[in-house]
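Listed here are the chains, written in short residue letters.
2 protein chains.
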Amino acid sequence: MMNKTIEIIKDHRSIRDYKSDQIDESIINEIIVAAQSMPNSINGQQTSIIVVQDVQTKAAIAEYAGGQTWIDEAPLFLLFVTDFYKTNLAAKKNGLTQQIHESVESTVVGAVDVGLNMGAAIIAAESLGLGIVPIGGIRNNPQGIIDLLNLPKMTFPVAGLAIGYPNSESRKKPRLPINTFRHDEKYQTENLEKEIDNYDLLMEDYYKAINRAQTINWSTSTSNTYKQVYFPKVYPVMNKQGFNNDK
Amino acid sequence: MMNKTIEIIKDHRSIRDYKSDQIDESIINEIIVAAQSMPNSINGQQTSIIVVQDVQTKAAIAEYAGGQTWIDEAPLFLLFVTDFYKTNLAAKKNGLTQQIHESVESTVVGAVDVGLNMGAAIIAAESLGLGIVPIGGIRNNPQGIIDLLNLPKMTFPVAGLAIGYPNSESRKKPRLPINTFRHDEKYQTENLEKEIDNYDLLMEDYYKAINRAQTINWSTSTSNTYKQVYFPKVYPVMNKQGFNNDK
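If you read the sequences in order, they're chains Y and F.
Following our numbering, the numbering of the first sequence begins with 1468 at its first residue and continues without gaps.
Following our numbering, the numbering of the second sequence begins with 1468 at its first residue and continues without gaps.
It is worth saying that the hints were derived from the structure and are not from the lab.
The hints are all genuine.
Identical copies carry no separate label here, and so any pair may be met within one copy or between two of them.
With a straight-line Cα cutoff of 25 Å, these simulated DSS-like cross-link-like pairs (lysine-lysine) come out:
1. K1560 <-> K1640
2. K1620 <-> K1714
3. K1620 <-> K1694
4. K1714 <-> K1700
5. K1620 <-> K1559
6. K1559 <-> K1675
7. K1707 <-> K1653
8. K1471 <-> K1639
9. K1560 <-> K1661
10. K1694 <-> K1559
11. K1653 <-> K1559
12. K1714 <-> K1559
13. K1620 <-> K1653
14. K1640 <-> K1661
15. K1653 <-> K1700
16. K1707 <-> K1620
17. K1559 <-> K1661
18. K1675 <-> K1694
19. K1477 <-> K1639
20. K1560 <-> K1675
21. K1661 <-> K1620
Can you build the whole structure from these sequences, using the hints too?
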């Protein structure tokens, strides 16, 4: 470990079992300020965060996300919103017509920036002894989230984050071998099949150890999830919100 | 400041002026491992990083990104790739047909995960005294990047990161007022125009202080960038790579 910050990052594991302890407002504020401090594309600052602590709102989100009860348990839920509503106010102020949301580039840049903001929120929270689990499942029912949280046109709910004090230990999940993630100078295809085989064996042991017997290994788990169009409501709801991804 | 990690995150500023000092391999490795340690959607691990140190390759990337000379100067460039090539190998191994890339959901999840990985790389690098600047400009010429770095089908170059030892001080850029970024319980539209006005005044002073006289303030800068479809090659090149964003 080279320093405490890197140690925290490398020690990440997702938490799905939380104590009922509330999180102090001063801590919530530190997490949000950390999230906002990250770099963003062209200083457009195209992210907003909805801070949800209301029990009923969290319950609705847990249901929309497909019954993720840890959202109920965690005292804090952050919704990360790609936000071209604020940049559109900037355009109106200057008598200009915003075009960025007329192309999939807006979706790419908005989602990258959400990831940067959420990454900082995760690391800040974990540095304070909190546990987290990202909630991509909010894209299962984006219209429900939009209606629930009053998201205006030209915004889209990209990802959520449940945060709380961990109630139990959690194992760190092994990653694919580093040489499938890191490619020097050019993309390297040669060893990928072999390394996937190696990782599948590793994950069989991991799943047995955490008693997830129904999941065989990485390639079965991933390919069975991705053999269908995942979260099919994303495209139509983004479209309704004013985003054109088809150019 | 609540702890050193949060202090590092809150102190972020982008660096566009680097010393020629090389970065030790052990440090590069720490940054990559930190990036890989972040959570990712469904454990699909749909990111790859190309580690570029070759001078000629960096020069080509600098040119494709629109003449960003700090990419030449920085000894290290990381390209963050959304990668459904590896998950497709997993599908082939199991005799299944991958569908995730047939919808804009793949672009959203891929870009969020890239942001999470890049966020950790940024914070890890800054914790080690390095400076960084994200390079969205690689999306200016994605086909050039794909050809240069041998990116296979079902991958897309989403963002870059130049890393090196800072050669000069850099001012921390003020952010929009926190109440435009943080919304409690529901999205709040009421104060946005007023706060944009406040921030515009703040940024006029900031731009004067850093001698960027041609940029008037935030709303003029942002709206003049976003009054056109930005990086128009993203959609056609993603399509050529096998991604269907139009459903």
